[in-house]
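So the protein lines, in turn, are chains F and D. The working numbering puts the first residue of the first sequence at 112, with every later residue one more than the last. The working numbering puts the first residue of the second sequence at 112, with every later residue one more than the last.
Hints were generated in silico from the structure; no laboratory data involved. All values reported here derive from a predicted model rather than from experimental measurement. Errors might be hidden in some of the hints.
The list makes no distinction among identical chains, and a pair is therefore deemed to hold if it is satisfied within one copy or across any two copies.
[Unchecked claim] With a straight-line cut-off of 27 Å between C-alpha atoms, the simulated DSS-like cross-links for lysine-lysine are:
1) K426 <-> K237
2) K426 <-> K212
3) K311 <-> K150
4) K615 <-> K113
5) K212 <-> K237
6) K113 <-> K430
7) K615 <-> K147
Number of protein chains: 2
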Amino acid sequence: MKLSDYVADFVARLGVNHVFMVPGGGSMHLVDSFGKNQKLEYVATIHEQGGALAAEAYAEYRNHFGFMMVTSGPGGTNAVTGVATAWVEGSGTFFLSGQAKRADMIGTRGVRSMGHQEIDVVSVVKPITKYAVSVLDPNSIRYHLEKAAYLALNGRPGPVWVEIPLDIQIAQIDPEKLVGFEPDNSEQPAASSIRTAVAKTISYILASERPVLLVGNGVRSARAVDIFQKVLEKVRIPVLLTWKAIDMLPDGHPLYRGRPGGIGQRGANFTQQNSDCIIVIGARLDLPSLAFDHQGFARAARKIMVDVDPTEIRKMQMKIDLPICSDAGVFLKELLQQADVLASYYPVAWLQRTENYKKKYPVVLPEYHNTKSGFINSYVFNDILSEEALATDVITTGGAGACSDILMQTWKVKAGQRIYNVPGIGCMGSGIPAALGGCLASSGNRTICVDGDGGFPMNVQELEVIRRMNLPVKFFVLNNDGYGSIRSMQKNHFAGHLVAADSKSNFTLPNVRRVAEAFCIKSDFLDDTSKIRETIRRVLETDGPIICEVMVSPEEAIAPRVSTVMNAAGVLTSKPMEDMSPLLPRDEFLQNMAIPSLED
Amino acid sequence: MKLSDYVADFVARLGVNHVFMVPGGGSMHLVDSFGKNQKLEYVATIHEQGGALAAEAYAEYRNHFGFMMVTSGPGGTNAVTGVATAWVEGSGTFFLSGQAKRADMIGTRGVRSMGHQEIDVVSVVKPITKYAVSVLDPNSIRYHLEKAAYLALNGRPGPVWVEIPLDIQIAQIDPEKLVGFEPDNSEQPAASSIRTAVAKTISYILASERPVLLVGNGVRSARAVDIFQKVLEKVRIPVLLTWKAIDMLPDGHPLYRGRPGGIGQRGANFTQQNSDCIIVIGARLDLPSLAFDHQGFARAARKIMVDVDPTEIRKMQMKIDLPICSDAGVFLKELLQQADVLASYYPVAWLQRTENYKKKYPVVLPEYHNTKSGFINSYVFNDILSEEALATDVITTGGAGACSDILMQTWKVKAGQRIYNVPGIGCMGSGIPAALGGCLASSGNRTICVDGDGGFPMNVQELEVIRRMNLPVKFFVLNNDGYGSIRSMQKNHFAGHLVAADSKSNFTLPNVRRVAEAFCIKSDFLDDTSKIRETIRRVLETDGPIICEVMVSPEEAIAPRVSTVMNAAGVLTSKPMEDMSPLLPRDEFLQNMAIPSLED
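Extracted from the complex, chain F is given alone in its bound form (with noise of 0.2 Å):
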C-alpha cells in the first residue's frame, strides 16, 4: 500500500470529514491520495493561515480534530499562526506537511535550506506543538501518526505537526506489519486521590458561605458539559463563566451568574469577588481575565483549582488551597457522585445576592440605545443580535479587538448555541477562517461571525472558499476606522499620541461593501439605531454568504472594564476586580461588598 494512501485512510478513520489544504509539490502524494479519499472532502483555502485557522477553529467545535495539510516551506511557515493559535487554545489541530525527500534534507549539512523549498519547519513549530515529526522511516507511519493523534486530544489538547518528506510519501508499506504507539497511562492520578480531593472540595463548600463555580474551556475538552450541567442540578451555588465555557450554560439558567474578567460583567466581578469559595474547573485564569493581578483574585476565597496541566496550577502568584491535577471530567463524575453531601446545601441569600447583581448591572445600559446619528453601539448591536440567533447558529468572533470583548461580554446564549473565540491569543484575522471551520464543522448550520474592520481584512481571500462553498455564513463587521484598541491605548497612556491606529494616524482599511462586492457576496449596511432588528434579520434571513457592514463609532469605548493605570516603570496596575470603571457610586458599591473592600 502507498503510504499517502495509508495517511489518508488513518485520517478518515478518525471521524474527520474535511481536511483543509493548500497543495504543493512537496506535498504532491498526500495531495493525491487525500484527493482519491472517499471518505475525506478537501477544502483547498487560498492561504495556508486561513486553512489552519479553519482547521482550528474545526478541532475547537467537533472537539476533536481538524485538520491541515500543507506543502514544504512557505507552505509550512504560513501556517504557524494556526498552530500557536491551537497551541494556547488548546485544540487537537493536526497539521500534516510535505518535505524535500529524506537525500535533500538539510540534516546535519549546516545549510539553510538544501531540499526544494526546504525549512526545518518542524524545528520551528517544536515550541507550540505537544508533539511535532518528520517521518523518516516508512514503517514508523503509523506509530506517529497514532502518537500525534494520542497527544492532540489526551491531556490539555493542543496542536501536533508530522511532517512527510516525499520518498516516504511514495513508500509501500505493509499496514499488517506496522507498530502502534501505546500510550503510557502509568501517570494518572489514582481514582482514590480524585475521591479525596472532590470530598475535601465538598467540605469546603459545606464550610463556605458564598461559593462559587468558576468553570472553563477544560470541562468541554474533557468532553464533560453534560457532566457539569448535570453536577448542577445538584451542586446549587452561582456559576460562573469564562469566555472559552461561554456557550456551556444558556443565559437563563438558574445557577448562571455571569462571565466576568478585566474586561466584563460588572455583576459577574462582584459574585467573582465577593466569594469565599472558589472551585475554578479548567479555566487556566489567563491574566486578562483575572485584570492581570493574580492576588486579588477572589482574594476573600479559599480556592480550589482543577486542572489537567500541572503546570497551569504551579504558575498561579496567589495561594491556591486546594490544587487538584486532575482531567475536568474525572473530577465532575466523582463530583456527581459524592454530591448527594450536598443536598441539603442552598445558600439561598447569596444565589439571591449574586442574582440581584446580575440584573442591577446589565452590559446593556440605556443611554447606549441613543447614539450618535449615523452610527450603530456595538453593546445594543449584540443584545439583539443575540435575541434574533437561534440555538442551532454558530457564532464567531474577529479574534480580537472590540469585535469579540463585546459580544463577550453582551452575548445571551441559548443552550445549543457553540460560540468560537480565541481570547488567549487574542489573534486578529481569524474571523474568516473560523466562520469556514466553524460552519464546516456543523456540517452547514447558519454560521454568524462579528468581526472588526481592522481583523476583517487580515484573512480576506478566504472569502472566495465562503462563496465558492456558498457556505451560510452571515458576516457583521464593525466599522470603527480602524483599531479601536489601539486608538484607546494610545489615547489613555501615550496622550492621545495616534500611531498607525486610524485614518488620521497613516492607516486606512479597505472598504468592507467594496470587498464583498469583489468576491461576489451580497452585501448590507447598518448605520441607523432604529433599523438594527430589521437589519439583522433581513441579514440572517438572506441566502448563502452576506456581508453586513456595521459603522461603530470611533469613540466607542468598552464597559465595563478594570481600569488600568501605567506607573512610571510602564508598569500596569489595575483597580481591584470589582471595581469596574466607569466605577460606582462609593456608597452603591460598598453595599454590594460582603467582604472588606480594599480602602477600608
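Given the coordinates of chain F, assemble chain D onto it according to the supplied hints.
Relative to the frame of chain F, chain D by itself:
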C-alpha cells in the same frame, strides 16, 4: 532616555527610511517611539506577513536593512514566512517585536503562555534566524541591537529578531553608559590565502579552453557588483547569472550568456555543461538550479566555488576542485588585482560558440505568437514587457510558479534595473508585499509586478497600502485558472488526477479586476495578442497603481526545462541539464556538445 526612543534612534542611525509595522499592545512603547521619530517613516501594513515580506524585499533592494516591527503573540507568528524568506534568500531583514513584561513571561513555568498574547516567538524563529534574542536587561539593548545589525549584514546576510518586553521598552537608560558589541573578526581568512586561491583560479582558467563564470547573489551581498563588472573588462570569459543575480549584467553585455537551470535557457545550459572550468561565485547552486543533480552539473569542468558560507560548499555532492571560502567581494577584488595575467587570454572560439548558443536558442519561439484566441502567451508577454520597461524600473515577481519562472527565463535586463525574486524559498504571495517594499526602497520608482492568479490573493490585503500611499505599482496578474505548476505536476505524475489545482478540481480564485475595484485601484485587461504592446504601454503610463489581468492558457507549458521522470520509489530523476525538453533533434543536440554526451 526612554529605551524605546533609543531603539528608534538606533534604527534611524542605520540609514533606514521606512519601518514596516502592525501596532499592538505588546509593542506599544516601540510603536509610540517609532511614530515620533522624525527620521523614520512608518508604513502600517494590514497583516504582519505583508509587512515582513515588504521589509524583506526592502532589504534586498537596498542590499542593506529592512525593518519590520510586530507585537507579541500572533503579531510575531504572522511574520514567520518573512523570516523564512530572509533566511533562505539571505537578506538583512531585522525584526523587532514586543512582548509581555518580564514578570509575566513564560520563563521556566512550563505553561504555554503566561503574559497577554504571549508566544515564545524567539524559540520559534531561532532555527531560521542568524540571531534571535529577548532583551531582558535594559542595559544590554545597545549590545543586542548592534550584534543583531552586525550579523544581519555580515557574512552571508540573514534575518535577525530582537524581542523587547514591555517593561524593557519603557525603561530609562543612559545611552552613554551602554556597552556595545565588538565583532570577532579573527576568523577572517588571511589575505595571503585569498591571493593563493585567486592565483590558482587564474591558473585553472589559463589551463582551460572553455571557462565559464557563474555568478550569484553573494556578489551583491558583498557589495561587489561594480567590481564584478570591472573584472569582466579583464577576465573575458562567458558569464552566466543565477536568477537572484539576473540584473547584474544587462542583456547586451558582450560576455553575458544567460541564466542556466532546471527551468532555464537552453543556450545557457549548453554553455554551463560544455565548460571545462567553471568558477562559481556567490551562488549556492540550489537543487532546482541544478535540475536536482549535483553530479551532472558542468560534469566535464574543473570546479572552483567561492562562497562566504563554508557549509554551502561542503554540501555539494560532486567534487569541488578548488573550494574557496571567502566573501565574494574579497575574492573579486583580488581577482581584479591579478587579472593582468589574463590580458592575453581570450578564448575566441568558445566565446563565439557560447554566443551562438544564446542566439540560436531564444526562449521566445516564433510559434508562441500564435496562441489560442482569448489567451496571451506568457513568454511573448514578458518579452514585450521587458522591452517596454525602463532602466529605472523596479521589477518584482509573485515569488513562485509560472509567473516568476517565465519572467526569469525571458526578461531582457536593462542596466540599472533591479529585479526582485525569491527562487530559494519560492514563496507565493510575495508579489504585492515585494512591490510595496521595492517601490519604497527605490524611493518611489515605477514598479512592475508580474504575479500569478494563485499567489496574488495571498496577501491581497496589502493593496490597501499601495492605494493609501498611491505608489506607482503596475501589477500584471497572469490568470491561468489556478495553480499552473500543480496542474502540470498532477498531469505528468498523477495521470491527470487533478486535486485543488483549478476550477475543475474544487479550487477557485477571486476575480482579479473585481479585487482591483474593491481596493479602488484602476484595472485593465489583456486577452488579445495583437494588443499586448499597447496594453502594456497604457498600463505602464497610467499614474499611480493599476492592476492588469492577463489571460493565459491553462495549457501553457514552461519551456525549455530539464524533464524529470518519477521512478518506482517516487524519486524524480532528471535528464542531463544540457538536454532540455522539448528535446532537440539528436543531430543538432550532438553538434552543440563539446564534451561527450551521456549516451555516447
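Right, here's what the structure says about each hint:
Proximity of K426 and K237 under a CA criterion of 27 Å is satisfied in both settings, with 22 Å inside one chain copy and 25 Å between copies. In this assembly of identical chains, K426 and K212 lie within 27 Å of each other by CA distance solely across copies; the values are 16 Å between and 42 Å within a copy. In this assembly of identical chains, the alpha carbons of K311 and K150 never lie at most 27 Å apart, being 48 Å within a copy and 64 Å across copies at closest. In this homomeric assembly, K615 and K113 come within 27 Å of each other (Cα to Cα) only across copies, at 26 Å, whereas the closest approach inside a single copy is 58 Å.
When the C-alpha separation of K212 and K237 is checked against a cutoff of 27 Å, the pair qualifies both within a copy, at 21 Å, and between copies, at 24 Å. For a Cα distance limit of 27 Å, the shortest separation of K113 from K430 qualifies neither inside one copy, at 55 Å, nor across copies, at 36 Å. In this homomeric assembly, K615 and K147 come within 27 Å of each other (Cα to Cα) only across copies, at 15 Å, whereas the closest approach inside a single copy is 52 Å.
In this structure, the hints that do not hold are numbers 3 and 6, in rising order.
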